[in-house]
Amino acid sequence: MAIYAFGDIQGCYTALRQLVADLPWSPETDRLWFVGDLVNRGSESLAVLRYVKQLGDRAVVVLGNHDLYLLAVAEGILPLRPRDTFKDVLTAPDREELLHWLRHRPLLHQEQHHVLVHAGLLPQWTITEAAALAREVEEALRGPAYRSVLHGLFMQERRPWSDNLAGQVRMKTITDALTRLRICTPAGEIHYTFKGEVKDIPPGYKPWFELEQRKQDEATLVCGHWSALGLHLTPRFLGLDSGCVWGRSLTALRLDDRTVFQVRCDATGMPVTPST
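Following the working numbering, the numbering of the sequence shown begins with 5 at its first residue and continues without gaps.
Because the hints were derived from the structure by calculation, they are not lab data. Don't take every hint at face value.
As the list claims (entries may be wrong) - Pairs of lysine-lysine residues, derived as BS3-like cross-links and limited to a Cα-Cα distance of at most 30 Å, are as follows:
1) K199 - K219
2) K219 - K203
3) K91 - K57
4) K210 - K199
5) K199 - K91
Fair warning: this is a prediction, and the values are worked out from it, not measured in the lab.
Generate coordinates for the entire structure from the input sequences, incorporating the hints supplied.
Okay, structure coming up:
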């Protein structure tokens, strides 16, 4: 069984289908992993959700910040912004079925020595601790009070992580780390607005996966979220967001041998050379 992990799709359905068609994968035995951010920025968010959902158990999806944002807009917690491109999801006849499915995706998936998460893990968290914290939020999002949970994820104030945090502040801090982390201090204080290249990181911060005291060395983290970082592969970190919606490429990585598969995209996220 092979596992192919995909970078952020962000509504790029045509590129996704071309990339899947290029993979030497078997739908009967192999699986596709998605690092989150299935929607927004590209023009085909509805098609992406429908396609990945129908893959069933062949697909593993973790939630990204854009996926959570879609859920918040759908519940009226946040407004739809002019640059958002998932209105097709909000007006679709199967909207509620798709949103229910999306809301039930995990924030973290662990399988043997690989951990799939959208953005990253705070350096002070072990894999076991991170998985338990992710489950706290997952269970709340799947429960009857999920609207209140979503409201807290976007409306609560941000605080540094502490084991003593409780309630919605705790869930927001956990979720922010899992879905928004790029750089932080050695103490795990996140810089939320930085989206640039490594050379431009402000003093006192480092990429979270380069911190020497990080407590996750027993696992390889499979992540997306940081498009300016691009495809970035190290022994314990696989960064797969190669900027399909920014005129670069959509990437899939076969985990067992790290073979890279890519489709080049234009500035709209469409394949440069469509399949014939």
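Here's how the hints hold up against the structure:
1. K199 - K219: Since the Cα atoms of K199 and K219 sit roughly 24 Å apart, the hinted pair holds (cutoff 30 Å).
2. K219 - K203: holds, 25 Å
3. K91 - K57: holds, 18 Å
4. K210 - K199: Holds: K210 and K199 sit about 13 Å apart, inside 30 Å.
5. K199 - K91: The given pair, whose Cα atoms are some 25 Å apart, holds under the 30 Å limit.
Of the numbered hints stated above, none is contradicted by the structure.
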